[in-house]
Structure formats: structure tokens, C-alpha cells
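Undergrad: Residue numbers (our numbering), protein chains in the order written: chain B, 29 to 351; chain V, 1153 to 1468; chain L, 330 to 616.
No lab work stands behind these hints: they were computed from the structure. All of these numbers come straight from a predicted model, not from anything done at the bench. Here a beta-carbon is modelled for each residue, glycine too, at the ideal position from N, C-alpha and C. Careful, some of the hints might be misleading.
Stated by the list, open to error - Computed beta-carbon distance windows for the label pairs:
{"hint": "1", "chain 1": "B", "residue 1": "P93", "chain 2": "L", "residue 2": "A354", "range": "38 to 44 Å"}
{"hint": "2", "chain 1": "L", "residue 1": "F386", "chain 2": "V", "residue 2": "T1196", "range": "43 to 49 Å"}
{"hint": "3", "chain 1": "V", "residue 1": "V1169", "chain 2": "L", "residue 2": "A354", "range": "43 to 49 Å"}
Stated by the list, open to error - One side of the interface only, derived from the structure: several residues of chain B facing chain V at Cβ under 7 Å:
{"hint": "4", "residue": "T102"}
{"hint": "5", "residue": "N132"}
{"hint": "6", "residue": "I144"}
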Amino acid sequence: MKAALDIRNLSVDYHTRAGRLRALRNVDLLVPAGEVVGLVGESGCGKSTLISAVLRLLAENAEVPDGEIFLDGTDLLALSDAEMRLRRGREVSVVFQDPMTGLNPVLTIGRQMIDIQHREALSRAAKRKRAVDMLARVRISDPASRMDAYPHELSGGMRQRVAIAMALMMNPKLLIADEPTTALDATLEVQIIELLQELQGEIGCAILFISHHLGVIAELCQRVVVMYAGSAVEEGRVRDIFHTPAHPYTKALLDCDPGRIKDRRQTLPSIPGSLPDLTSPPPGCIFAARCANAEAKCGAMRPPRVDTAPEHWATCHFAETAR
Amino acid sequence: MGRYILQRVALGLAILVVAISALYAFMISLPGDPTTVLLGPRATDEMRAIFSERMGLNKPLPVQIVEFWGRVLTGDLGEDVLRNRPVATPVFEALPFTLVLILTSIGWSATLGILLGAFSAAYRNSLIDRVTGVLSVAMLAAPSFVVALWSLLIFAVILNWFPAIGAGERGNLADQIHHLVLPSFAIGLAWVGYIARIVRASMLEVMGENHIRTARAFGLPPHRIIYRYALRIAVLPAVSVLGVGVGGLLSSAVFAEIVFARPGIGRLIYDSVITRNYPVVMGSMLVAISFFVLCTLVADVVNAMLDPRLRTSKQS
Amino acid sequence: MSIAERSPFKYSVAGRLISDPLAVAAVTIIAILVLGAVFADFIAPYDYKALNVRARFAPPSFEHLLGTDNLGRDTFSRLLFGARIALFVGMTSVGLAALIGLTLGMIAGFGPRWLDNTILFLFDTLRAYPTIILALALGALLSPGLGTVISVVVLTSLSEYGRVARTQTQAISGREFIDAERAMGASTMRILVMHILPNVLGPFFILAAINLPVVITIEAGMSFLGVGVAPGTPSWGATLKDGFDYIRNTPWLIVSGGIPLILVTLGFTFLGESLRDVLDPKLRKER
């Protein structure tokens, strides 16, 4: 299977005043070419760090002690800065979460869409035409005149469409969508998801779709990766993860999803406890402190990666038996 | 946008009228007969009466102020009774010299300050950042007249590289530029440091914003991100500071014009104040304050044009 | 408020200032200036107004550390007494400007809309006068002296304090606990003094520290132009003027007259920035 993105054993640390913060620990993640992979996890689980690591836009105080990130077969961490820059926007692009602040407020939409084609050997008119066509493809009405609009003149939903247009204009192999619908209301969310689905089919790019909305993941994705406190704890096909989750954290997440709760209860369930301190992560399983079935070895030993089915694994001491 | 400009212009005009009228009232109502001060103690009552008549001092104060504005509206700044000429003559002779001096000073100092600020922010904590940091504080701390005096001493008196007095020969551009170097250096120096600090701080803020992350995620070249995407936003605070700072620049121009014996509005005010020539003081103050109010106004409008967010949103 | 509640706060402000090298440098410079001004009578080797015809235009030497001027007066002694003038003018004008600004600002923030607009307009008008140009006009009309200098400075700087006081007053008077106090019968005066004054003090200290060197520079500038202190007063600006008039004979006057002005600005600017960092973390800017 050819991979659009293949992250192996990736760790990222931040040097903070409180000490070395282990934001990502030995993360494995696979996005096969042309597929849509969902990434689920609570806030603080390392999703943003993962995106920054893939784009190589980590903060100055970050360090990558180990790991490899293969984008379409090339190890990004081995590239020079200039080589990396060539790939941003062209081979991998991003739609960020907040459409209100993601676009430059003092430049027109058109200017920004033309600027990101700076490496194309096209005339200015051709670049402009390409931008207008792309705006039309994301269903922006009257795209030619919107080119001269400033971001603040557009609604939140429109801005997110513009962001998607920018991200897909160069036909990237991988699109990272960082909670692109979280800031929008439910109707807009459905529209944006449908748009993404449609464009993905046309362009054929792979998508790493980050969301905490399990319903959206189930709808859009073929595969899911579950992250907890800087570690990937389970990965597999959507069907397998949703029907036979192997990791207790995944199970807990699914239990907490309002969309899946059949009986009408007074309160929504939640996972007891809080995220571990990542400046001194526990020696054993990262989830042990909050896990209902934790035993002595969970606190002492890091669980191995267990293949519970074809293309389905989890890092839990009881993964095999849990099945 | 149009409404915003209109509001700003109306406010500016109101401020101008009140500021000048207050000054006029203050000058007239000072203890002592202005004609005595003007003509000296040995003037006869007859001479004083004539001057009083010519300057309109025998009328009630509100009438005088209304008449003053009436004349100003017709382009008449009053009469220089001491030297028998319209006040407008010396004022508009002096004004271009001051304008050239101030514009040159803003020009070089803003360019250098913005570049240094952007550079320090882009190469944060590097050697260039540290050196700029120390230099900008040092520049800020030196009052313009001390800089003027020191540069006069070093570059004109001791080294003899630049002329010490005057504005240069009429029609000889090279000579005029040669005469402009030291005064504009003295006026602009503090601004280099000030603007560099403002731009650096706002640049660091802007570089942390989400849209810059977007630009980087699209692989835009760093120089384009810094100079086109970030700097355009980061200079906004510097522009408004410059507008308000024109008042300070006018004050510095007074010193530079006196230290380097240059003709100009500052020097004219100084000379007419020393000779107690009230009509000329009033006329040149009117021009100086109008210029200042105009600059603040322009800075606000330019700010609104550079920042499209301000164009549509209401001003507080 | 009891002493026990207060002292940890005070301690922490002082403690944090001491740990900041910039603040230490600032306090050292200011301390030297203040000590020089206070003990000028003991430190100064000569009487600042004593003429000495034989020592006219004397360059710096062991006898006259910073040389003498055109009348043979000792520069070092004059600069020491100049520190007194500078600090006196600075503190008096800053104090007066802060007091008037505070009063007007609180009235504007608490009073009816029309009064607020009137006072704001007054502030805008005062800001429309370029400082030195107004100083020239007033300084020439009133007789030269410290009073003239102080009135010019107060007029041009009070609006800054006024704006801060107004903003703070408005921000606080909108809060619920003020309504509650009102309902319980607290007078406007009591609300202003008990709740608004403490909130204005921090920003005022920062403004004052930043303003003080500006004020001292204006005094020196006015004296340099001859519209500041009365002739013969040992102002730093007057020393610079003497140096300018005799630039080819006594260049040391220009050099040594400018240094204390730069030091004073450096000292108070550093202090203002450190105070801002300590008192108002929201305003903290990258250094």
C-alpha cells in the first residue's frame, strides 16, 4: 500500500520552564494515498504539534529526538529548509481551525490566492483565473468579484471555503484539515464536509482529518487514529474502531459521544480524571491512571503495539483479550 | 470611510479654532499693554493709540477673535505692524524650509527605523537584534537639541564636514542638501530608535498570528512573509505614532533651526517672540498648529486606508 | 486594608524590581542624580554663581573638573545645582499634571455624557499645541522663571493622565459592585476614592516615570531658548546655551551639559519599563 503520509516512531519535546515537555511520544500514523484518515483526541493530546511537525513549522523551543515523517516516500525531517518549503502548499497543505484569523486581514483574497502560486510558471492573469476557478469549485458565488474582497468582508463559512480553495488549488497529495468545522454552526458544518468529500473525490488527495466530532469522522473517513496525551493508542478502519474498539480510551471516547447514546440520560458521561503531566509522563501505560481495568503492570510497563485484526492495532496490555 | 473622514476633519477644525482662539485671548489679556511691550517704554501715547487702532486692540476681545478668523478665512493672516508687511509674507517664506526639514527627517528615520525593527524581529535575539535594542534606547534618550549641539560641534566645528549655518544657496540643490544633513540627523535620530522599537514589538506580535502560520504553511518565502504579509500590519502603530509625533518634530525643528541658523517656522516664531511681534507670533502659530492638526488627521486616515478592517468598522 | 495584607504585595513589587538588571541600572542612575542634587552644597567644589575672571574659558582640569564657562563659573558645580532645578521642575510639574489630569479624568469618566465630551475635547485641544512652540509663546509673554516652565509643562502633559484616569473610571464604574455600593448608599466621592483611585495609581506611576525625563528635557530646552529659568539660574539648558554661544571657546560645556539630560532620560525610561513589566503584565511588551 502506497502511503501519502507515514509517520514512524515520532517524538517531539518542548523545552519549557517547567522542564522537558513530551508533547508526542513514539507516534505511528499512516495515511494511505487517496484515503481519508480521521484523527481523534481531546484537546491537548498533541494534534497541533503533530501538524506542525509534519509541516516542519514547530516552535523554536521544540525538538524532535526521534522519528521519521515520510511524505509520499520522502523523509521530511532529512530535507533542507528550502526543500521543505517547496513541499509546503504543493504536496501537503492545511486548512486551519479558525477561519476568522487564518487569512491575512490586510490583503485581498485574490492577492493571497495568487501569492501562494508563487512557484508556478504562469502569467499573473493565468494565476488569477486559476484562483477564480478554484473559488467557483468551492461554491463561492460571484468568485471574480470576491477576489477583491478582504477577509473581514466574508462570513465565517465563506472564509473557510476560501481556505479550502487555497489548500486544494495546487492539487496536494495530502490535505491536513485541522478541525475545519469546529468554529462553524451545524448547517455550515454539513456543507463543508460534503464539499470536502466531493473535492477529495475529484482531486484524489489523501486527507488527514482532525476532529473531536466522532459523527463527522464516521461519515467522512475510511480509517481512524486515536491519540491520547501525545501517544497514538489505536489505529484501524472506521468500521473496526467504531464496532470493536480495542483500547479502553477509545471505548470511553465512544461512550461519551452524544450521538451514540441511545437511552436518554440526564447527564452526559465523561472520563474521570485528567490528562497526565507531560513533563514527567508515567513510566507505564499513558492512560493507566484513568483506565477502569488498569492492573499493576499497566503502571509499570509501556504496553506493546498489538495487532488485533488486519490493519487494526492498539497499545494496550489487554488488547488481545479485550477483543 | 467617507463619513469617518468627515468626522475626523470636523473634529480637527474644531480643535484648531478653539486652540488658536484660546491662544489669541491669552496673548491679548496678559497684564500690560501689548503696544508698550511692542514699542518700548519710550513710545508716546499717540503712537500707542495708532498701533492699537491698527492691530484692532481697542475692540472687545470676542470681536477681535471673530475678526481675526474672518481675516484668516480670506487668506489674510494679519499685518506685521513692526515691519509694515502682511504676516503671510514671512510665514510662507519660512514654511517650505520647515516642511522640507521635517519631511526629510521623517523620511530617513522612518525608513531606517522600520527596517531595523523588522530585522530585529525577524532575527530575534541575534546580534543585530541586541545591537539595535541598545542603540534604539540610546537614540531615544538623547534630546534633539543635545544631538543638534553635539553634531554641530563634531561635524561642523571640529571636523568641518558640514556647514554650520544657513539652509544653503538658493537654487543650488547640492548645497541645500549639504545644509540639510545635520539638522535632519538631529531631528530624526530619536525617531529611528522609537520606530524601531514599535515596529519590532508589533512585528513579533503579528508573526505569532494565525494568518502568518497559514502563509508559512503554504511555503511562501520568508522574506515575502516578513515584508509583505507581516510588516504591512506591523507598521500601522508606527504610522499613527508618526502622525501624533509631528508635534514633537515641530518642536525639534525649532531647536534645529536655531542651532543651525536655518530659516523656518520655528525660527520665525522664536524671533518674533523675542521681539514681541504678536501678529507674526499668531500667524506662524496658526500655521504650525494647523500643520500639526492636519498631520494627525492624515495619519488617522492613512491608518484607515492601510488597515481595511478600520474602513468599515465604526471608530470609537 | 491591614498591613499584613499589604506588605506581601509591596514586597513582591520591590523584590521583582531588584531582580531586574535594567531596574537596578535605572535606580542607580536616579540615585546618583538625586544624591547629587540633595548634597550639591557639600559636593560642589565651587559656588555655582561665583565669577572668576582669571579662570574664564578654562578647559577641564583637576582644578575645574568640567572646565569653566565664559564668566569663569565652574561647570561641574553648576551641573550639580542644575540637577536640583531639573528634579524640582520635573516632580512638581508631573505631580500637578497628574493631579489635575486625575480630577478631570474622573469627572469625565463619571459625569454625564456632555461633560465627558467637553473634557475630551479640552484634552484634544491641549494636545494640539506643539510643546516647545507653546513654550516659546508663553515663555516670552510671561516673565521667565520656574513658574512659567511648570505651567507650560502641566498644560501640555495633563491630558495624558486625564485620558488614563477617564478610561479606568469608565471601566470600573460599569461593574456591578459599584451599582451595589450605590444601592447601599455610598457617595460618589467614596466610590471614586475607594475603588477608582487605587486602580489608577499603577498606570500613573508608569506614566510619571516615563514623563519625568520628558519634562526635564522641556525645561532644559526652554532654558536653552532663553524662555525658561531666569538668567543666572544653573539649569542644564542654560549651560548648553552658554556652550552654544561660545562653541569655539568652551566646547566642553555642550558635551558635559548634555550628558546629565541623557542619563536622566535613560534612568527614568528604564525605570518606567521595569515598572510596567512588574505592575502591569498586560502591557508587557517584548524587549
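Undergrad: Confirm or reject each hint.
TA: Now the hints, each set against the structure:
Between P93/B and A354/L the CB atoms are about 40 Å apart, so this pair conforms to the stated range of 38 to 44 Å. Remark: the range hint 43 to 49 Å for F386/L to T1196/V is upheld by a beta-carbon distance near 45 Å. Between V1169/V and A354/L the Cβ separation comes to about 47 Å, which falls inside the hinted range of 43 to 49 Å. Contact between T102/B and chain V, as hinted, is not supported at the beta carbon level, the nearest pair being about 15 Å apart and thus beyond 7 Å.
This hint holds: N132/B has a C-beta 4 Å from the nearest C-beta of chain V, less than the 7 Å allowed. The beta carbon of I144/B is positioned within 7 Å of a beta carbon in chain V (closest approach about 4 Å), and the interface hint is therefore held.
Violated hint: 4 only; the structure is consistent with all others.
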